[in-house]
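Based on the sequences and whatever the hints tell you, model everything.
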Amino acid sequence: MIRLSIQARQALARLTLPVLIVASFGMMLLGKADSLLVERARIALADGLTPIYAALATPLGAVRGELQEIAALWDMREENARLRAENEKLRRWQSIALALDAENQRLKASLHWIPDPAVSFVTARVVADAGGVYARAVLLAVGPNHLIRKGEIAVDERGLIGRITDVGDRTARVLLITDLNSRVPVMLETSRAHAILVGTNGDRPRLLYWPQGITPQEGERVVTTAEANAFPPNLPVGTVHYTANGTPEIEPAAMLQKLELVRIFDYGGTGVAPLEPPDRPTPGRH
Amino acid sequence: MAAVDQRPGIRPRPTLGRRLDIAARCSFPATVTILLMLLTQAPWNIPGQAALLPAVTLCCVWFWSLFRPAAMPPPIIFLIGALTDLLGYLPLGAATLTLLATHGLALAMRRSLSQRGFAWIWLVFAGVASAAALLMWLLTMLLTVRLLPPAPLAFVAVLAVSLFPLLTVPFAAAHRTIANPDRA
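Chains as they are written, first to last, in our numbering: chain P, 1 to 286; chain C, 287 to 470.
Simulated from the structure, these hints should not be mistaken for lab results. We put the beta carbon where it would ideally sit given N, CA and C, even for glycine. Hints may be right or wrong, so weigh each one.
[Unchecked claim] One side only, chain C facing chain P, incomplete, derived with CB under 10 angstroms:
id: 1; residue: Thr317
id: 2; residue: Ala368
id: 3; residue: Tyr375
id: 4; residue: Leu383
id: 5; residue: Ala387
id: 6; residue: Gly390
id: 7; residue: Ser416
id: 8; residue: Leu420
id: 9; residue: Trp423
id: 10; residue: Leu428
id: 11; residue: Ala437
What follows is the structure in structure tokens.
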């Protein structure tokens, strides 16, 4: 070790903080210059931590489940009554849906309709929030030999939640439709008008760019369109809801606040997702 | 840190066990900070969980920079900041610069604050945490070239200020006992 005088050592110790502050500015520049490097560092970190979080998720989920169970015991009577009424209503809807489905099949048969190709999907557990304070995203734990690629569509049991933006060896990051950077081409279901769903980092993304002469109706269902080949058509996204100052927003159909299991569909869409860098090996896909 | 002790006095022979003990005590603050940071990212499913990471990190850096700066030197702060940036999906450097600035402020205020009680330290931290959250928000906007809503910034500051007393109790106990190299 180099021997330094006390004065020199003190001067060095005092210099560390300013030097590191300059270094942090340098790091900002580096982050701006090579964003791919930063993304890889993040995904590598997530890959390392995900097994721990995945192991933690089961006991934590059990505790949460127990707490919910206790809360549910309290208002079981009202819940039962509400469910009975809802069941009644749903039964009526079911008969309508079955009739419509049968009619649809008949019509398609008489039209010689080319059936949509069956899509493959995998299901993954949400292990962590991956958005930080200023973004909305979640991290999925996927096996080491997964076949997930950037740009695939993530859906929960009720509707669209977002798109895969980063893929690591054991993890995948889903950018939610509520994120500030999220843009989803959508269609208003009754008027068949196209629009764009724009995330705001809030709970409800906003609806923009619908055609002139059409007003989105309160409560109207909104689905994805196949425009730009980024999304498959007719995935449920949510319903239109007007704010107090008259801006149409979308109440997402998916339960974005408490995501646990997510299905990832490979529709083979190539529209918006950027291509993977050539030097990044994708495990298991040859 | 545990290199050459040049203070006068008689002390036990620096055996391997003793040196390990001192090293463990010196690295306690940084280790606990990093563990707490990782813990905030666990799947708790608490609403607003994302704000926990910057808030907890700010509390830890402020406390240990005030009470044991030798165990929280600038290089460690730099490392913790980079980890916050990566874990918290902030633009690289935003939290690093903020935490280094917090550390610098704590060092500058150390002498005057050490004579006051906890209420003063907490009050000053309220100001520091608000300024730090504001700086992080401004840097994030600057580096992502986007206007961001200010609500998360306020939430981070409020969360940091309200978590500080909760973290201070175990930290202060550790500061006197298991993190104290003089008791090795």
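Now for the hints, and whether the structure bears them out:
1. Among the interface hints, the one on threonine 317(C) is violated; its C-beta lies about 16 angstroms from the nearest C-beta in chain P, farther than the 10 angstroms criterion.
2. Residue-level restraint check for alanine 368(C) holds (minimum Cβ-Cβ distance to chain P is 7 angstroms; threshold 10 angstroms).
3. A least Cβ separation of about 4 angstroms between tyrosine 375(C) and chain P falls short of the 10 angstroms threshold, and the interface hint therefore holds.
4. Of the supplied interface hints, the one on leucine 383(C) holds, with its beta-carbon coming within about 4 angstroms of a beta-carbon of chain P, less than 10 angstroms.
5. Annotation: interface hint on alanine 387(C) holds; nearest CB of chain P at approximately 7 angstroms, less than 10 angstroms.
6. Given hint, glycine 390(C) at the interface with chain P, holds; its Cβ is 6 angstroms from that chain's nearest Cβ, closer than 10 angstroms.
7. Annotation: serine 416(C) was flagged as interfacial toward chain P, and the flag is violated, the nearest CB pair being 15 angstroms apart, outside 10 angstroms.
8. Taking 10 angstroms as the C-beta cut-off, the interface hint given for leucine 420(C) is violated, the closest approach to chain P being about 13 angstroms.
9. Satisfaction of the interface hint for tryptophan 423(C) is found here, the shortest Cβ-Cβ separation to chain P being roughly 8 angstroms, below the 10 angstroms cut-off.
10. Because the beta carbon of leucine 428(C) sits about 9 angstroms from the nearest beta carbon in chain P, less than 10 angstroms, this interface hint is met.
11. Below 10 angstroms, beta-carbon pairs count as interface contacts, and alanine 437(C) has one with chain P at about 9 angstroms; its hint therefore holds.
Hints 1, 7, 8, counting from the list given before, are not met by this structure.
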